[in-house]
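There are 2 protein chains.
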Amino acid sequence: MKLIHLSDLHLGKRVNEFSMIEDQKYILNEILRIIDEEAPDGVLLAGDLYDRPVPSAEAVQLFDRFLTQLAERKIPMYAISGNHDSVERIAFGSQIMSSSGICMSPVYDGKTEKYCLTDSYGEVWIHLLPFVRPATVRHGLEGEEEVDEIRTYQEAVQAAVAHMEIDKRHRNVLIAHQFVVGAMRCDSEEISVGGIDQVEADVFRDFDYVALGHIHSPQNVGSEHIRYCGTPLKYSFSEAGQQKSATVVELLEKGNLKIREIPLRPLRDMRKLKGTYMEITSLSGYQDTNTEDYVQITLTDEEDIVDGMQKLRTIYPNLMKLEYDNRRTRENQEIAGTETVKRKSELEYFEEFFELQNNQPMNEEQRKYSEDLIRKIQEVK
Amino acid sequence: MKLIHLSDLHLGKRVNEFSMIEDQKYILNEILRIIDEEAPDGVLLAGDLYDRPVPSAEAVQLFDRFLTQLAERKIPMYAISGNHDSVERIAFGSQIMSSSGICMSPVYDGKTEKYCLTDSYGEVWIHLLPFVRPATVRHGLEGEEEVDEIRTYQEAVQAAVAHMEIDKRHRNVLIAHQFVVGAMRCDSEEISVGGIDQVEADVFRDFDYVALGHIHSPQNVGSEHIRYCGTPLKYSFSEAGQQKSATVVELLEKGNLKIREIPLRPLRDMRKLKGTYMEITSLSGYQDTNTEDYVQITLTDEEDIVDGMQKLRTIYPNLMKLEYDNRRTRENQEIAGTETVKRKSELEYFEEFFELQNNQPMNEEQRKYSEDLIRKIQEVK
Chain P
1 MKLIHLSDLH
11 LGKRVNEFSM
21 IEDQKYILNE
31 ILRIIDEEAP
41 DGVLLAGDLY
51 DRPVPSAEAV
61 QLFDRFLTQL
71 AERKIPMYAI
81 SGNHDSVERI
91 AFGSQIMSSS
101 GICMSPVYDG
111 KTEKYCLTDS
121 YGEVWIHLLP
131 FVRPATVRHG
141 LEGEEEVDEI
151 RTYQEAVQAA
161 VAHMEIDKRH
171 RNVLIAHQFV
181 VGAMRCDSEE
191 ISVGGIDQVE
201 ADVFRDFDYV
211 ALGHIHSPQN
221 VGSEHIRYCG
231 TPLKYSFSEA
241 GQQKSATVVE
251 LLEKGNLKIR
261 EIPLRPLRDM
271 RKLKGTYMEI
281 TSLSGYQDTN
291 TEDYVQITLT
301 DEEDIVDGMQ
311 KLRTIYPNLM
321 KLEYDNRRTR
331 ENQEIAGTET
341 VKRKSELEYF
351 EEFFELQNNQ
361 PMNEEQRKYS
371 EDLIRKIQEV
381 K
Chain D
1 MKLIHLSDLH
11 LGKRVNEFSM
21 IEDQKYILNE
31 ILRIIDEEAP
41 DGVLLAGDLY
51 DRPVPSAEAV
61 QLFDRFLTQL
71 AERKIPMYAI
81 SGNHDSVERI
91 AFGSQIMSSS
101 GICMSPVYDG
111 KTEKYCLTDS
121 YGEVWIHLLP
131 FVRPATVRHG
141 LEGEEEVDEI
151 RTYQEAVQAA
161 VAHMEIDKRH
171 RNVLIAHQFV
181 VGAMRCDSEE
191 ISVGGIDQVE
201 ADVFRDFDYV
211 ALGHIHSPQN
221 VGSEHIRYCG
231 TPLKYSFSEA
241 GQQKSATVVE
251 LLEKGNLKIR
261 EIPLRPLRDM
271 RKLKGTYMEI
281 TSLSGYQDTN
291 TEDYVQITLT
301 DEEDIVDGMQ
311 KLRTIYPNLM
321 KLEYDNRRTR
331 ENQEIAGTET
341 VKRKSELEYF
351 EEFFELQNNQ
361 PMNEEQRKYS
371 EDLIRKIQEV
381 K
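Residue numbers (UniProt numbering), protein chains in the order written: chain P, 1 to 381; chain D, 1 to 381.
The shape of chain P in the complex, shown without the other chains (with noise of 0.2 Å):
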């Protein structure tokens, strides 16, 4: 059995500014051509379809081709809705869809939907697990006992999953959008502040491959059978350095896995540039590079150029942005250094606040109570 993984689509989304539609439906195209060489068994989509609840008729646009390509072919896709996407939204015309092998996850109600696929080992099952914070448990749940209990996203998850059918004698798979403990972060990504998101990877212990999306990097968490696969792009400079890819993951039979990352080239590449304004626009430094890729450009002349974005744009017209390390910028990055070297919570944020305004610190009591809040605040958002 032969599925690929992907997540993060984020369509529509601008970076710096930049729409990043064309890149994305080069990517999408990419995504088809190796569908086709690989001629797996099911696409696996672990969230985050668009950038935003309500996407742009254009990115609406384009996630229809990308659909209606992969029915056309046949290709059965099952996919959930992350942190990004409107769960109603995505499940629009789901039912109706899921006939032509589109398979989107509906709004959560207590149960998932799962799928079988079968080879010459067997059953495959697969899990759809959209986006859930604990409120969305609750909800789902509602009636039943233990639900005013379920309060962490980690609760959330674990109440989810054991409310799932899973037949442990078949192959089972996991689509998900949750943070997992131990992933790597990067720019791009909706961070919650205090990592109150965070799921153990032992929760999926039943499953015998996890195909998760939230994380931007490309990683297994935990174990090789619980993974992230990353974006099909670069969507910050943090990520400059990393190769995107998509996932291809061959069940054989049970307990017994293959995974291979195939690398995705963009249409623009996202770089980071560093030297003198001498440096960067003499031809020899670009002229075997695409000029047109997005760049960050950092220049280590002491003293500024005139209208240096604009005539950098002349070389490098998708210039996102630009950047100065000399001696004045150091010794501001310094001063801001000492600040921002700790990531603080949200609740030592408010305890710094609470104590500048009363000339004393918080109690336990307070303390509890706005923990509480912050954490209600958090899952209605």
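Check before you lean on any hint, since a few could be wrong.
Any copy will do: because identical chains look the same in the list, a pair fits if it lies in one copy or spans two.
What the hints assert, rightly or not - The list that follows gives simulated cross-link-like pairs (lysine-lysine, DSS-like), each with its CA atoms no further than 30 Å apart: (1) K74 x K111; (2) K74 x K114; (3) K168 x K74; (4) K25 x K111; (5) K368 x K74; (6) K321 x K258; (7) K111 x K344; (8) K114 x K321; (9) K311 x K111; (10) K321 x K2.
If you're looking for bench data, these hints aren't it; they were derived computationally from the structure.
Got chain P; can you put chain D on it based on the hints?
Coordinates of chain D only, in the frame set by chain P:
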């Protein structure tokens, strides 16, 4: 061949700040009940499925539920986008869903979709023309000779119809969403000042039945076989006296048509009440009525009732509008009345403004220029 013709659902609409979603859910269930009784060969949905290009999540869910229930019944549905809909959003999944008999108009690209149904008399072709503006058709037909001459709605629809493949030996049904000359409007429609969006009924001469949407009152236009079925619910008090309905069209042998209206009974009616405060609030006046209806009350008392809205809502919780008809308001009305007798076109308003600014009327060249400009603005909005 029995078809049920519906239009202008406007799912997600708010009327005087009241959400209609519960009423819409109820009426869609009523429509499904009628469909079960009538067992039609198909359902025609002539545009304005939603009230806004970006409908609310609950409106999307409601429409999804309706489509899913039709698909389960294996009754094909043919829908087009109206001026309130986003063509790209409506088109999402259209190709995939069409294999399940849910056929939605794609973005207009110079071609229109058609579907074939058959009965003992032979073939019936259902043609889907989404709402088009002159600019839509020009864009769709780009590269063809006469394109630049498409400036009016009449020319746009004419060109779009001319590009359809209509085999006149068979029966042909068109679903369209345009304003046909002679149709009677009401307050809840989006009005194009000056009537530049008008289309002559003669454009549709090659069709055996034209299922129209756009106008909210059920009515034939010009001939029996060109018809607006109207909204399933009342969306303004100007429609209070109307009986809303679904239209049943039976196509017998070519040239022979039977049309019936099936009354739609809403969860809550929309009614106008008029009388003194004493009359309106006397038990005998309302005891046999549904006080949950959406009402507009016109009080005839000479003195305004203190906190009238609040007091009347204890009896009529869904009171939408409170007006007075007494000496005070009649005098105001008379003054306002003379001003609004005639609906002016945008050009006329602009001419008045021009004269005010320049102390002289427009000359012919200026009028021509303004007219062109207004038309262009109308098209792109």
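Hints and how they fare:
1. K74 x K111: Both. Shortest intra-copy (27 Å) and inter-copy (26 Å) distances satisfy the 30 Å Cα cut-off.
2. K74 x K114: Answer is both; intra-copy 19 Å and inter-copy 24 Å each pass.
3. K168 x K74: Classified as within; 28 Å inside a copy, 36 Å across copies.
4. K25 x K111: So K25 and K111 pass the 30 Å test across copies only (24 Å; inside, 34 Å).
5. K368 x K74: neither (54 Å within a copy, 56 Å between copies)
6. K321 x K258: This pair counts as neither: shortest intra-copy Cα distance 40 Å, inter-copy 68 Å.
7. K111 x K344: For K111 and K344, neither the intra-copy (36 Å) nor the inter-copy (58 Å) Cα distance is at most 30 Å.
8. K114 x K321: neither (45 Å within a copy, 50 Å between copies)
9. K311 x K111: Cα proximity of K311 and K111: none, with 57 Å in one copy and 46 Å across.
10. K321 x K2: So K321 and K2 fail the 30 Å test inside a copy (41 Å) and across (63 Å) alike.
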